[in-house]
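Residue numbers (the working numbering), protein chains in the order written: chain G, 1 to 165; chain W, 1001 to 1793.
Everything labelled a hint here was simulated from the structure, so no lab data went into it. Check the hints yourself; a few may be wrong.
Cut-off 25 Å, straight-line C-alpha distance, at most; resulting in silico cross-link-like pairs (DSS-like, lysine-lysine) [to be verified]:
hint: 1; chain 1: W; residue 1: Lys1015; chain 2: G; residue 2: Lys146
hint: 2; chain 1: W; residue 1: Lys1015; chain 2: W; residue 2: Lys1561
hint: 3; chain 1: G; residue 1: Lys30; chain 2: W; residue 2: Lys1588
hint: 4; chain 1: W; residue 1: Lys1402; chain 2: W; residue 2: Lys1015
hint: 5; chain 1: W; residue 1: Lys1561; chain 2: W; residue 2: Lys1588
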Amino acid sequence: MPHVTLTVNGKTSSVEVEGRTLLVEVLRDKLGLTGTHVGCDTSQCGACVVHVDGAAIKSCTTLALQVDGSSVTTIEGLAAADGTLHPMQEAFRENHALQCGFCTPGMVMSAIDLVTTHPGGLTEQEIREGLEGNLCRCTGYHNIVKAIAAAWPVMHGHALPAAAE
Amino acid sequence: MNAPFEGIGASVRRKEDLRFISGNGNYTDDINRPGQLYAVIKRSDRPHAKIVSIDTKAALAAPGVVAIYTGADFVSIGGLPCGWQIHNKDGSPMAEPKHPVLADGKVRHVGDPIAVVIAETKQQARDAAELLAVDLQDLPSVATVTAGIAPGAPEVHDGIAGNICYDWHLGDKAALDAAFAGAAKIVTLDLENSRLIPNAMEPRAAIGDFDPSSGDYTLYTTSQNPHVIRLLMGAFVLGLPEHRLRVVAPDVGGGFGSKIYHYAEEAIVTWAAGKVKRPVKWTADRSESFVSDAHGRDHVSTAQLALDAHGKFLGLKVHTLANMGAYLSTFATAVPTYLYATLLAGVYTTPVIYVEVKAVFTNTVPVDAYRGAGRPEATFLLERLVDVAAQETGLDRVAIRKQNFIPRDAFPYQTPVALQYDSGDYFATLAAALKTADWDGFEARRKASAAKGKLRGIGISTYLEACGIAPSKVVGSLGARAGLYEVANVRVHPTGSVTVFTGTHSHGQGHETTLAQLVTDQLGVPFANVDVVHGDTAKIPFGMGTYGSRSLAVGGSAMVKAMDKIILKGRKIAAHLLEADIDDIEFKDGKFSVAGTDRSKSFGEIALTAYVPHNYPIEELEPGLDETAFYDPKNFTFPGGCHIAEVEIDPDTGVTTVVNFTAVDDVGRVVNPMIVEGQVQGGVAQGIGQALLEHAIYDDNGQLLSGSYMDYTMPRADNLPNFHVSTENTMCTHNPLGSKGCGEVGAIGSPPAVINAIVDALKDYGVRHINMPASPPKIWSIINAGRPALAAE
């Protein structure tokens, strides 16, 4: 069986996979990184979102072989080594943007991607549309939207442009 | 610097969040046991069929396969039990067909489990399941209640005539007939409450583990009530004594009712672990969840409201057909009866109510409680009916409600349908919601929308619900096969920190925070020094779990009772140390003091003394500071409130957008306002989901057409608005906290508010009623069938 080599949260591992093995299965079953979740089987819910080479992708619809040699960041790799949380993690906690926590890892990873890819600002509508690929059944999204808006200025180091608010 | 306020009323940030935002949650599928095998379930793809044969030969020979079990292996094992026995009008008990763990001779719905394949890896189990040759011979099937009761309909269970599980009623029919005879107006409405799929984001999972050295079993499962599962599975299905069975429900990713019930897979993995002597893990794929998690709602009703000439309600008559699905899920039978019919008085003084409910078997997934459970069905019926009554009598929608509200001074209020409400102020929640929603300014907004070519509507729902189902004696007399109390063990450690072991279960509700706040409030122990443990029958004395918004009202009350015992014992210890009479010892702000003096002992000093009893009244008092309380409520609690939805419809597409949503709820004492708001927001999102988007659709034969997230329209962030959520609280009068419950109000109050708003938006189109979901094609068809006189035209 083939091997894939991945650098996950800064640590390089080589694991044996089948051709059909999904990235999320490598993360959860081979590397024990169970923070990334599987909530569906149609690539709709986004509980499995991780960053591959800096971009948010759904790890439940990515073959491990497709990302051989890539750098992967999961929810476990967001906080600093001293435990300091990523601003998005902090914003989720501060704004009660999670309840059962199951969608949260994917939601946080998508939210970071959304903020990173919108350096010019994010409107509430853009946040809502940007979350199209992530389902949450608990919060009604209200506080998730708030959390993302709150994390934007922290991540970009300056206030949201007025036009975007 | 003063310590931050972290007691009752503080929006303390949640204790549980750090692990969830860091990827350190511990959900069932995150758990792996040494030597674990994987189970994959072969399910029926037919709605109704005879199992002619199951050929396991090829599958057994497949790589990694350890065992395959079929219904034949479970014949001598009990079926999945139903927890509530309903009696027919004639006093006879309901029809209660066996619900086999694995299908026995027949399959009765798409998703009915036929066989389980157990292999070294999940992939191997999956591959082998594909090799199972199951020969099914199709039988005629029924999917809807109306088809189920039609003359000559196929029988889901042999010998259950007309597929009737029960034919039940509540209320005084003769009085109702008299009220109708004297009415000035009778308003009739036929309506459906759409079938839903709960869709907690975490799919169900279960791991069975057997310890050959002790003979003990452990089940890890995605459950809202591990003790209930232990009781049902141990006593009724597998015949395992409870002391040999531990059930762990670790972090659970949402429930909404769907994880209350005892499911076949739990029994399968537990039983199989004992057979193969290795742990067996099963995790549902989402497609599997769609056809194996209990569904919700699915009522077809006719409602009639009798009014006098002034719009006063004289009587209500309701006839409902409730879909049970193919088998009786754990609490299915209680939902359309004691959680529905009893709620039909709502917030109104309707003096006579008569309800008939027929529960019907169909070839569909079992239906059981889903967030609100019966109460959303009652509320939708009532609040739609009141709006239609307003429309047909020419009365204002708000005025007709106020005219019929139970007055503020009428509590305790006895309804004609068994419940006695202890407290409420429906005028207060109404007034606050009308103000927040700017009801009076609506017509200007309607005009502004019309100028843009959009149809705008506003809708109101004034609702009531019943939570914390109780007392045990009453529910027992109504057919419940369980008590409905709750248990708390409050363990004070020698250094004064506290661990609470609660029989409730948190799967998103934030109990680890809210319940810790109770300890901080009552015992003065810093919030950081309190931990809450739930979800493990080996740690917690007993418990009934979390559903029906009961955790704070019932479980929190049990905690208060346990803490009362802690305080009493602490006072005795303090009296000894301070050489005072116990009657002179008061406990306040974490200190035991001799009244009127500055002599006191801190809570920590008392805790240490209890565990290091050198100077201690050892003849009269046992050492230790650890108390347990079982609390059986005196009554339900009765949250209520007012929800107002404002919608805008695009006539070109039929798309409805909720542009404004206001919820003002009375949930009694609020411990953590942030968490309460979150609960309401989430509930409202599910209610809007039902009103606009979600629908479990079966074809006539019983194939589920909306069986994935590609087909079943879950609400997404861009389908929903921000919500205006607040509370106007009256206290529950019969529990020590005054709390009523907040978990379900959002899902109960909101659907009729949205539909009422849509009907209002479409008032120029002659629309009287719209069944949920108000999907774009449905709305577009209505608009394009009529000849509207649009304001903008």
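Now the hints, each set against the structure:
no.: 1; hint: Lys1015/W - Lys146/G; verdict: 20 Å, holds
no.: 2; hint: Lys1015/W - Lys1561/W; verdict: 23 Å, holds
no.: 3; hint: Lys30/G - Lys1588/W; verdict: 53 Å, violated
no.: 4; hint: Lys1402/W - Lys1015/W; verdict: 42 Å, violated
no.: 5; hint: Lys1561/W - Lys1588/W; verdict: 17 Å, holds
Going through the hint list in order, the structure does not satisfy hints 3 and 4.
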